[in-house]
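**Student:** Just so we're aligned, residue 8 is where the sequence shown starts under the numbering used here, counting upward by one.
One or more hints might be untrue.
Here are the simulated distance ranges between beta carbons [claimed, not checked]: (1) Glu277 / Thr21: 28 to 36 Å; (2) Lys230 / Pro69: 36 to 44 Å; (3) Lys278 / Glu300: 29 to 37 Å; (4) Ser16 / Glu114: 26 to 34 Å; (5) Asn42 / Ser301: 38 to 46 Å; (6) Glu277 / Pro177: 48 to 56 Å; (7) Asp85 / Gly25: 25 to 33 Å; (8) Lys285 / Leu136: 20 to 28 Å; (9) Thr70 / Glu47: 20 to 28 Å; (10) Pro286 / Leu136: 26 to 34 Å; (11) Ile117 / Lys235: 38 to 46 Å.
The hints are simulated quantities; they were obtained by calculation from the structure and are not laboratory data. Even for Gly, the Cβ is constructed at its ideal location relative to N, Cα and C.
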Amino acid sequence: MKITITGASGFVGTNLIGYLKPIHELNSLSVRYVNNQKIEINDNVVIHLAGKAHDLKKVSVPTDYYEANYELTKQLFDAFLISKASVFIFMSTVKAVADEVRGILNENTIPNPKTHYGIAKHQAEEYILSKEIPDGKRVYILRPCMIHGPENKGNLNLLYGFVAKRLPWPLGTFQNERSFLSIENLCFVIKELLENEKIPSGIYQVADNKSISTNELITLIAKSLGKKSIIWNINSSFIKKLARTGDFFHLPLNSERLQKLTESYVVSNEKIIKALGKPFPVSTDEGLMKTFESFRN
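Please model the entire structure based on the sequences and the hints provided.
**Tutor:** What follows is the structure in structure tokens.
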């Protein structure tokens, strides 16, 4: 099978190429939004990973998100519809649905994104869904939660560094649950979508089987380091007051950062598991341990 991949140089792209290369012919397509450009597709499959992710430094302008995540996706999907390609996979995000989750997020949740990143991804989803799919073509919209894996330099890496320094985790009284996604499980899902024509087109959330608390993450990281975790159960009201002080004095711990560290975000993978008819190859703990162990090298 000949496959065109956009965003091939990114974290997901490089891992996916390594995963699919032994069995498929892969071609990288470097694309950037240009007004009225025409994109030509000659392969059997398009996997659209390219886009603009969250700007943690907050230096991007809103237009960057809409051009990279919405307008470019429109152009690529229009090219797919008139091409001979039979499969289109769009990498969206759970943030296209919600930035905060109460309970468990699933595909039936009414989208209400709050950030330009999430809104642009949702607009791209809506555009894809608005088009009539020709017979013989399959279209998948994947909404992964936080993806992790070896060499991924994200928030887990920062948390790992905190534990590695033997610093006590002071937020032990906060109880939360978060979903994560091993890059190996994501690659497995994409491979199955390519090879199983019986999986119907549609939107699929992708997350590991089990959610995990931040306290459990701290314990797993310590285990990967061969150490015992240090978790302090400081009164939550005191921590919140300290965070509000941080808002005023611009300290490392402020209300926004405290919310990010302690909020829950649980994502259901029931629909994709049922569609695949088989379990994910990597458990939640196993995938996280692989990621943490890679940080040591």
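**Student:** For each hint, tell me whether it holds in the structure or not.
**Tutor:** Evaluated hints:
no.: 1; hint: Glu277 / Thr21: 28 to 36 Å; result: holds (29 Å)
no.: 2; hint: Lys230 / Pro69: 36 to 44 Å; result: holds (42 Å)
no.: 3; hint: Lys278 / Glu300: 29 to 37 Å; result: holds (31 Å)
no.: 4; hint: Ser16 / Glu114: 26 to 34 Å; result: holds (30 Å)
no.: 5; hint: Asn42 / Ser301: 38 to 46 Å; result: holds (41 Å)
no.: 6; hint: Glu277 / Pro177: 48 to 56 Å; result: violated (35 Å)
no.: 7; hint: Asp85 / Gly25: 25 to 33 Å; result: holds (30 Å)
no.: 8; hint: Lys285 / Leu136: 20 to 28 Å; result: holds (27 Å)
no.: 9; hint: Thr70 / Glu47: 20 to 28 Å; result: holds (26 Å)
no.: 10; hint: Pro286 / Leu136: 26 to 34 Å; result: holds (28 Å)
no.: 11; hint: Ile117 / Lys235: 38 to 46 Å; result: holds (44 Å)
Consistency with the previously given hints fails for number 6 only.
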